[in-house]
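Novice: Chain residues, written in single-letter form:
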Amino acid sequence: EAGVVQSPRYKIIEKKQPVAFWCNPISGHNTLYWYRQNLGQGPELLIRYENEEAVDDSQLPKDRFSAERLKGVDSTLKIQPAELGDSAVYLCASSLQSYNSPLHFGNGTRLTVT
Amino acid sequence: GESVGLHLPTLSVQEGDNSIINCAYSNSASDYFIWYKQESGKGPQFIIDIRSNMDKRQGQRVTVLLNKTVKHLSLQIAATQPGDSAVYFCADFNFGNEKLTFGTGTRLTIIP
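Each protein sequence line maps, in turn, to chains C and A.
Quick note: the first sequence, position 16, residue 16 per the working numbering, numbers continuous.
Quick note: the second sequence, position 5, residue 5 per the working numbering, numbers continuous.
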């Protein structure tokens with residue numbers, strides 16, 4: 001089966017610019033997650049979707065971050081405007097049914113804000 | 001706050017030897033624990049998990065041990081291979097607040 005697909009793999013932008021990341025989860029997976037991973041650290045959850053509903057966005061900086069999962073399949077994560085501290089790897093993951101099944105991660109988008 | 005941490009940030013092991021990666025957790029209410037492997041440039045990959053009502057679980061070349069008394073988790077990798085070189089994360093999950101918390105990670109290097 002195809003894994004979680006993310007694009008782009010790398011993105012370099014200047015601060016205050018907008019940026020968007022795209023994720024295609026594994027087919028049939030109802031739950032989609034966006035994580036942020038800083039260098040040398042474990043991933044930290046930004047938002048979790050059950051189908052098209054965001055059920056946990058408590059760690060999403062809503063002043064500049066937004067996400068959507070139209071039709072409960074693909075998802076986009078947007079940052080506007082980006083700040084230097086947003087430099088990190090943004091990981092998308094999916095699972096069959098929330099945390100009751102293993103999370104499958106994509107290879108991430110490495111964002112560098114200059 | 002609650003945290004999941006690792007004792008050592010780096011570990012080097014001779015190829016063919018066994019390796020043990022340790023993890024301490026602080027949330028006594030954690031329901032299960034997961035080990036992930038992350039190779040350079042890739043996302044974390046599920047290795048093995050263990051429920052809080054178990055103290056040992058074995059997979060292919062891997063064994064996870066859970067000691068709830070001292071809140072300690074370990075991942076044992078038998079007969080290490082070059083492909084085992086990666087960063088290993090432990091994570092704990094609590095059904096009550098539905099939070100999956102990752103530790104910082106241990107970099108395992110297999111020496112040929």
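Hints were generated in silico from the structure; no laboratory data involved.
Please note that the accuracy of each hint is not assured.
Just the calculated beta-carbon pair ranges, DEER-fashion [claimed, not checked]:
id : chain 1 : residue 1 : chain 2 : residue 2 : range
1  : C       : Lys71     : A       : Pro9      : 37 to 45 angstroms
2  : C       : Asn51     : A       : Thr104    : 30 to 38 angstroms
3  : C       : Gly72     : A       : Asp17     : 22 to 30 angstroms
4  : C       : Gln97     : A       : Val70     : 41 to 49 angstroms
Even for Gly, the Cβ is constructed at its ideal location relative to N, Cα and C.
Novice: Run every hint past the structure and note whether it holds.
Specialist: Results of checking the hints against the structure:
For C/Lys71 and A/Pro9, the Cβ-Cβ distance of about 42 angstroms falls inside the hinted range of 37 to 45 angstroms, so the restraint holds. Taking 30 to 38 angstroms as the suggested C-beta distance range, the pair C/Asn51 and A/Thr104 conforms, at roughly 32 angstroms. For C/Gly72 paired with A/Asp17, a C-beta distance near 46 angstroms fails the hint of 22 to 30 angstroms. Evaluation of the 41 to 49 angstroms hint for C/Gln97 and A/Val70 yields a failure: the beta carbon distance comes to about 32 angstroms.
Against the hints set out earlier in the document, violations occur for numbers 3 and 4.
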